[in-house]
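Using the hints, position chain B against chain A.
The chain contents come next:
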Amino acid sequence: MSSIERSPWLIHYDASSCNGCDIEVLACLTPVYDAERFGCIVTGDPKQADIFLVTGSVNHLNAPIVKNIYDQMPEPKAVVAIGACAYSGGVFAECYNVSGGVASTIPVDVYVPGCAAKPESILDGVVRAAQILKEKEKAMRATRKAERKGRKAEGAQR
Amino acid sequence: MSGQDKRVQDAAHAPREDFVKGPTVIPFGPQHPVLPEPLHFDLLLEDEKVLGAIPQIGYIHRGLELLVEKRDFADYVHVAERICGICSFMHGMGYCEAVESLLGLPIPDRARYLRTFWCELERVHSHLLWMGLAADALGFESLFMAAWRTRELVLDVAEETAGGRVIFGSAIVGGVSKDPSDETLARCIKALALAREEVKRLSMVMLQNITVRHRLEGVGVLSADAAYALGAVGPMLRASGRAYDARSLGYAAYGEIGFETVVETAGDCMARAIVRAREIEQSFAIMDKVVAAIPAGPVSVPAKGMPPKGESFARLEQPRGEVVYYVRSNGTRNLERFRVRTPTFANVPAMVEAMRGSSLADVPTIVLTIDPCISCTER
Chain A
1 MSSIERSPWL IHYDASSCNG CDIEVLACLT PVYDAERFGC IVTGDPKQAD
51 IFLVTGSVNH LNAPIVKNIY DQMPEPKAVV AIGACAYSGG VFAECYNVSG
101 GVASTIPVDV YVPGCAAKPE SILDGVVRAA QILKEKEKAM RATRKAERKG
151 RKAEGAQR
Chain B
1 MSGQDKRVQD AAHAPREDFV KGPTVIPFGP QHPVLPEPLH FDLLLEDEKV
51 LGAIPQIGYI HRGLELLVEK RDFADYVHVA ERICGICSFM HGMGYCEAVE
101 SLLGLPIPDR ARYLRTFWCE LERVHSHLLW MGLAADALGF ESLFMAAWRT
151 RELVLDVAEE TAGGRVIFGS AIVGGVSKDP SDETLARCIK ALALAREEVK
201 RLSMVMLQNI TVRHRLEGVG VLSADAAYAL GAVGPMLRAS GRAYDARSLG
251 YAAYGEIGFE TVVETAGDCM ARAIVRAREI EQSFAIMDKV VAAIPAGPVS
301 VPAKGMPPKG ESFARLEQPR GEVVYYVRSN GTRNLERFRV RTPTFANVPA
351 MVEAMRGSSL ADVPTIVLTI DPCISCTER
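Chains A and B, in that order, are what the protein sequence lines are.
So for the first sequence, this note's numbering puts the first residue at 1; every next one is plus one.
So for the second sequence, this note's numbering puts the first residue at 1; every next one is plus one.
Chain A with its partners taken away, still in its complex shape (with noise of 0.2 Å):
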C-alpha cells in the first residue's frame, strides 16, 4: 500500500474563482464532508503539499503565483481544477481579466465540474488524484531502478 495514496497533503489556492468553489472546498474539509478520513489534510506550505486544489481562472497576474507553487511541490504531485473556471473560465470566459483555464499554465490531471462544484464532487476528484499519485510514484519508483541499473552496468564495462 502506498503512504502517499493513504495521506495525501493538500494545497489549495483561489486563482480568480468566485470564492463559491472555495468555500466548498473548505466545506470539503470540516465535518460532514470531511476529507480527513482519506487521510487528507489541508496545509499552507507548498513543500509539503502532494495534491495541489486549483479553483478559479488564471491571469497574467496570478499566473506567476499558480506556478510558483507547483513548482515548489515536489514529486510527485497531482492537480485538482475545480468548477467551471478552473476548466475554461467558465461565466467569466469573456471577461478581459481571465487568461483561461489552469491547464493553460500547469499540467491538469483532474478535473472537477460544477459552477459551484459540490463538496461530494470535490472529493471524488481529491481522491482520483490520490490514486493518480500513486501511479506517478509507481512510475518514479521505475525510472529510478532503471537508471540505478544503467549505472551498475556502466560500472561493469568499466
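Quick caveat, the hints were computed from the structure, so don't treat them as lab data.
Note that this is a predicted model, so its numbers are computed, not measured.
From the three backbone atoms N, C-alpha and C, an ideal C-beta is built for every residue, glycine too.
Among these hints, one or two may not hold up.
Here are some, though not all, of the chain A residues that point toward chain B, as calculated from beta-carbon distances under 10 Å [unchecked claim]:
no., residue
1, Ile11
2, Tyr13
3, Ala15
4, Cys21
5, Ile23
6, Glu24
7, Ala27
8, Ile65
9, Gly89
10, Gly90
11, Phe92
12, Glu94
13, Pro119
14, Asp124
15, Val127
16, Gly150
Pairwise CB distance ranges (calculated) [claimed, not checked]:
no., chain 1, residue 1, chain 2, residue 2, range
17, B, Lys200, A, Ala93, 43 to 49 Å
18, B, Val25, A, Ala146, 43 to 49 Å
19, B, Thr24, A, Ala93, 39 to 45 Å
20, B, Glu48, A, Ala142, 28 to 34 Å
21, B, Val25, A, Ser99, 26 to 32 Å
22, A, Ser99, B, Asp179, 27 to 33 Å
23, A, His60, B, Ala292, 47 to 53 Å
Okay, now just chain B, sitting in the frame of chain A:
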C-alpha cells in the same frame, strides 16, 4: 501626509539595499494559510510593531462589470450572482433590484418575502463561515469544525428552498425563480431552530473563552470617527459605535418585518466578533417572522420589453456591509454600464488603519475581523 505615513511610503518604494536601514518589510499573501483568498500586503515592521500596511489587490480581478455589455440584461443575473460565492444571492438580488427600479417593475409580495428569507439565510451562513475562519486563525480548531458543521444545517435549508448550496440561483429580474411551499418553509424553520440553538452555544464558547478574549480584546481598535471618516461599512462600522445598517431603507420586506441595528462601542476585534454573533441571532428571528407572515401569491412577474434609457441605484446590506449597485441603460437589451461598490473595498482603508501599531501576530486576527471578501472587492 503625516511623518509616519511618509516614512511608510518611502520604505515601500526604497531600493532593496535601503531596506536594512528602514523598517522591515514582510510580505503577507497572496498565498497565505490564514486566508483562502489571495490578498497581498506589504507589512512594514519595526521589531514586532506594524508601522503600516500597503495593500495590493488584483489577483482575482476578472472584469465582469464589462460583461454586462455582452449579455442580455435578464441573463446577466447569472454573472452578478458570481461576483462572490458567499453573498451570491444578495449580489444577484441587488442587480435585479437596480434593473427593476429602472424598468419600474414592482415585484410580488411573496417574492419580496422570499428574498428577505434568503438574504438572512445567507447572512447566517456567511457569519458562521467567518466564525469558523476566525477560530482557525486563532488556532481554535474545534470551534472551526463546530461552526462549519452548524453551517451545513443552514446550507441544507438553502438547498431545499433555493436549489443551490452556495450559488442559490433563485433571483431573477421580476421576482424569484423558486417557490418553496409553506410546508417546506415550516420544515426549514424547524431545522433552523436546531441551528439556532447550536449557534447560541458556539457564540458563548467563542466570546467567553479566555484565550479568545486575550487575542481579541483591545486589538485593532478603530474609533467611531476614524471608521466613519475612512468609509467603513457593516459590522466594522457598527462595532465602532455608529448605528448604520442599509436594511433600514426597507428594501425587500424589511420595511414590514422590522429589525434592530446591532451596535457595539468598543471598536476592537472583540466588538466586531460580538456584532456578528448578535447579528446571526437576529437573522434567525427575522427568518421566523418572514415565514410567519409570508403572503400567498405569485413569485414573479415577467420582465417585458427593453429597459428604458436612464440609470438607477440599489443599496443592500450584505453580511460584510453596505453594497451599492449602479446600472445605466441605453435603451437596448444590453445595459451600458454596471458598477458595484462592495463592502470589503470600503473596509480596506479602515483595516489598514486598525493594523497600525498592532503586533505582527495580531495581523491575521485583524484581517479576519473585517471578514474580507476579495472576490467581491476585485470582481
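Each hint tested on the structure:
For the restraint placing isoleucine 11 (chain A) at the interface with chain B, the shortest Cβ-Cβ distance is roughly 8 Å, inside the 10 Å limit, so the hint holds. Because the beta carbon of tyrosine 13 (chain A) sits about 6 Å from the nearest beta carbon in chain B, less than 10 Å, this interface hint is met. Contact between alanine 15 (chain A) and chain B, as hinted, is supported at the beta carbon level, the nearest pair being about 7 Å apart and thus within 10 Å. At about 7 Å, the closest approach between the beta carbon of cysteine 21 (chain A) and any beta carbon in chain B falls short of 10 Å, and the interface hint on this residue holds.
With its C-beta approaching chain B no nearer than about 6 Å, isoleucine 23 (chain A) sits inside the 10 Å limit, and its interface hint holds. Interface restraint check for glutamate 24 (chain A): the shortest CB-CB distance to chain B comes to about 6 Å, inside 10 Å, so the restraint holds. Restraint check, alanine 27 (chain A) versus chain B: the minimum CB separation of about 7 Å is within 10 Å; hint holds. Proximity of isoleucine 65 (chain A) to chain B holds as hinted, the smallest CB-CB distance being about 6 Å (cut-off 10 Å).
Nearest Cβ of chain B to the Cβ of glycine 89 (chain A): about 9 Å, under the 10 Å cut. The hint holds. At about 8 Å, the closest approach between the beta carbon of glycine 90 (chain A) and any beta carbon in chain B falls short of 10 Å, and the interface hint on this residue holds. A distance limit of 10 Å between C-beta atoms decides the matter here; for phenylalanine 92 (chain A) the minimum to chain B is near 5 Å, and the interface restraint holds. With a cut of 10 Å, the hint placing glutamate 94 (chain A) at the interface with chain B holds, because the nearest CB-to-CB distance is about 6 Å.
Taking 10 Å as the C-beta contact cut-off toward chain B, the hint placing proline 119 (chain A) at the interface holds, the least distance being around 8 Å. Among the interface hints, the one on aspartate 124 (chain A) is violated; its C-beta lies about 16 Å from the nearest C-beta in chain B, farther than the 10 Å criterion. Violation of the interface hint for valine 127 (chain A) is found here, the shortest Cβ-Cβ separation to chain B being roughly 20 Å, above the 10 Å cut-off. Look at glycine 150 (chain A): its Cβ only gets to about 39 Å from chain B, farther than 10 Å, so that hint breaks.
A beta carbon spacing of about 44 Å between lysine 200 (chain B) and alanine 93 (chain A) agrees with the range 43 to 49 Å that was offered as a hint. Taking the beta carbon of each, valine 25 (chain B) and alanine 146 (chain A) are about 48 Å apart, inside 43 to 49 Å as hinted. Distance hint check for threonine 24 (chain B) and alanine 93 (chain A): the Cβ-Cβ separation is about 42 Å, which falls inside the suggested range of 39 to 45 Å. Between glutamate 48 (chain B) and alanine 142 (chain A) the Cβ separation comes to about 51 Å, which falls outside the hinted range of 28 to 34 Å.
Valine 25 (chain B) and serine 99 (chain A) have their C-beta atoms about 29 Å apart, which keeps the hinted 26 to 32 Å range intact. For the pair serine 99 (chain A) and aspartate 179 (chain B), the beta carbons lie near 40 Å from each other, so the given range of 27 to 33 Å is not met. Evaluation of the 47 to 53 Å hint for histidine 60 (chain A) and alanine 292 (chain B) yields a pass: the beta carbon distance comes to about 52 Å.
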